[in-house]
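Build the full structure now, drawing on both the sequences and the hints.
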Amino acid sequence: MADRYFNPFQAIDINVPVEFHEAFTRYCQRSADAVIDQSPFPRMVDLWFLSVCVAARLGLEPADTTKYDTRKIIDGSIFGSDPWRVHQLMLIAIGKTGDVHIVSEPRKMMTLASGLAVAGLPKVIEMLKDGDAEPIWNLSDAVDSLLRKEKAA
Amino acid sequence: MKLLRAEFQNFRMLRDLELNFSSDPEKKLTVIRAANESGKTTILHGLQWALYGDAALPGKGEGFRLHPIDWNASEGKRVPITATVEFELTTYRRVSGDVRETRRRYRLVRSAFEDVDSQARRSASTVKLFALNETGASPIDAPEAVINDELPPELREVFFTDGDRALSFIEADVALSTKRERVQRAIRSLLGLGVIDDAIKHVRKSASEVNRKAKQVGSGSELNRIASRLEEMENDREKFEADLEDAKQQFGAFDEKVDDIDRKIAAALQKGDKEKLQKDLDQAKREIKRLDDQLATANKEHSALFRSRSIATDLLAPLLGRAFEKLEELHDQGKIPNTTIPVLQDRLSAEICICGETLESGDPGGEKRRAHIQKLIDDSQRADEIQEIITDLYYGAKPRQADGDSGSSVWLEEYKAVVERRDGLQTLRDEAGRKFRALEMQLDELPDTDIQGLRETRRQYKDQRDRHLSRQSSIETQLTGLRREREDLEANRDRLLREQKKGARILAELEVTQDVTKVLQSAYERITNEELHKVSELMNNIFIEMIGADPEQGAIIRHAEISREFDIIVYGPNDRTLNPDRDLNGASRRALTLAFILALTKVSEVEAPNVIDTPLGMTSGYVKRSILRTAVRESSQLVLFLTHDEIAGCEEIIDEAAGVVFTLTNPAHYPKMLVNDPGVAERKALRCECDHRSECQLCQRRADAQAELEMAS
Amino acid sequence: MPLNDKKIISIILEQCEGIDEKCDGYREELIEVISEILEYERGHRVSATNIQKKINEKCNAAARFLAAQRGHDTGTEELDS
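Chains as they are written, first to last, in my numbering: chain A, 1 to 153; chain B, 1001 to 1713; chain C, 2001 to 2081.
Derived by calculation from the structure, the hints in this document are not laboratory data.
In this text, a Cβ means the ideal position worked out from N, Cα and C, and glycines have one as well.
Check the hints yourself; a few may be wrong.
[As the list claims (entries may be wrong)] With the C-beta cut set under 7 Å, the calculated list includes, among others, these residues of chain B facing chain A:
1. Leu1319
2. Leu1320
3. Ser1408
4. Ser1409
As structure tokens, this is what we get:
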């Protein structure tokens, strides 16, 4: 990729409705001593991105984030450390809008992704909670069955 | 801080000695050449006593005589002892946008009187600090505070290092929590977190006072009730935080005790002919540790599944498939150019076309083909911005898309492997736990009363330790609850203040204190996290460079790091952790501690001296030179006490780096080791100006004299 | 002080970037307040001072600045409405 497009989201913060902040604190590892089984996500962006993916997988419509009281929890520069996510966010935007020109509008792409994240978050939280085991196992099983079910379908 | 000068009177064998140190940034090394028993360790003690008082002496000074052992009572029954240190401090202040640097010189004088008898009682020492200026010296209050600030006492081991004692940062026979605590304290102090911590406390107090104003404004109202509750909570918080600190310390202390008893039990078992049981216990413990490490790794792998590319690719497969169809369409319409530019450019520079024809500039056919290829390149480069992004995306994501297309889910495979690993390890861990308990039962049944007594004590210590741990958890929980309640109450208070006429000013004050606290807190966290990482990286670089030429160690040591838990860890091949005590030779252990000390000083950007006694003991050849060279480079002021042996082979480095070199001699070494009689009856350190290459009447040593005689004959 | 002052100040400057510019010049004001506070802390270590009072006053001055600037802002809004 040309350097200047390496991370078009560099300057865009990731905002999340305050009602989900507790989930981010609870399920993301915030120190080296974190109990992984209780907090499966290495970083906040991982929970956020999984929510985007789950919403996309389930065909959920992006939520209207303007209706929420949102706060910044992640810096857009985070994608610099996982450049493949930049590609995926672009492809998600093309797939959702059917318009390839959206790739030159990082803010629009981020709004769409944030909408998907908000739509997917309740689902992911449910996946973490539903089950008799620790969150990491509940989530693993839920992702497992989601991938199998949709494949079979 | 830079050391400039030191002076001692009647401090053990330093009866009357003056030292000067190089403060030249280009020649930052000072070498004090001294044979063993010539006062090196005494100087190290003397400097620390001057700075920190009795607490810095062995055994905190208890029963540690300070006056010269051969003091002649006819000179007085009470010996005046004085140590003086002159140093320079640089401070930086932000003055209207600029950073202003100020250098000041100080003189610190500590003195005490000591009785000349077997008890060697001495008066509490008096310490004075003077700021030196052109016209003289002005006294400064609270000298201890200045020193504690510039060279925190907990960092004594960082700045004043005895090559052997410094190993305490990595010694295996200290409990993990103790080593951690030492490393953590060293890092936090050196990084200046104490000042930030104090500032946070004071600003919090300011916030409480503003809260009190809010209480007055809203007297008798809801605002008053909330502000009063916040006031109480602030008191609770202070109490809880003090309790938490106490619980942590108690836990650490009992943890060390348990560790200590374990060693005693091991020793008792050896003595009681129970080596086999001891060996089995040791092995079982090691096995449990190994499995726990592996389990922790497996858990991390499980967690990594949720940040992996495969989970996203698999979940997004249907959607990404649609997106890719769009891109394929564009590609088929020729709107995405082939990524031929690099290939074509390659060809141009290789001067041979893909078809095998020449592209040489001199050749007429080649010239034509060159022009054609250049045109193709130019056309492709003219693609507009969007096309460029799409092209990048198409080629960048295509191989990844292909993974997703394969039909089988990569993530499911990875997940299956993780489950198998975790389950397998857990079974092994359960088994190891059972084995260990069985061995402990055997131990319980031993008729040895010594061992049973020790085990009983161990149980008590362990109970105490666990009690403090659980106290710690419950206080942490209470603090979290308090924090949450406080946030809610504060939001309510601020809302009510907004409605008050006089509220705006108070609200502004609260906002300022909150913002100041926030900035200080985030600075505190950032310094800890980022700087720790930097110290770790730099320590590794310095360490690897120092031991780089040692083929024996080079083969087993891969890298070293300081973990987020403040453990210094050395890794061997396949990321296996090495035990510094068992797997590292003496030179490497020394190099590792020096690397830690230098990295810490360097990252903190503190201008502080590193005064090191016998830094090159147990090292030789290239590794020795490498340690010296690296230490000079990484230090801002380096004072080394070196024996003649340590100097051997390093003369050129000293020529280059040292601004001051002098020699200390113990006249009592005549006639055994000194050639000439110094004519001094007392045992005292004498200074001469001989450097690492020269010697004089006073310092000429016997081995050298003999060698000369041999050469002459 | 232990950590090079210059370095602490530069980190503080960076952290201030994350604070809302509550009024014109607020962040600049905050930076001054914090540098002063750290200066007080250092001074306090050398010879005990009434540091709490000094810090209270410093925060208070910044709050006056904030309230005054805001008063000005509100004034404009009132005129506009």
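We went through each hint and held it up to the structure:
1. Leu1319: holds (4 Å)
2. Leu1320: Given a least distance of 5 Å, the restraint on Leu1320/B holds.
3. Ser1408: violated (9 Å)
4. Ser1409: holds (5 Å)
In the structure shown, a violation is registered for the earlier hint numbered 3 alone.
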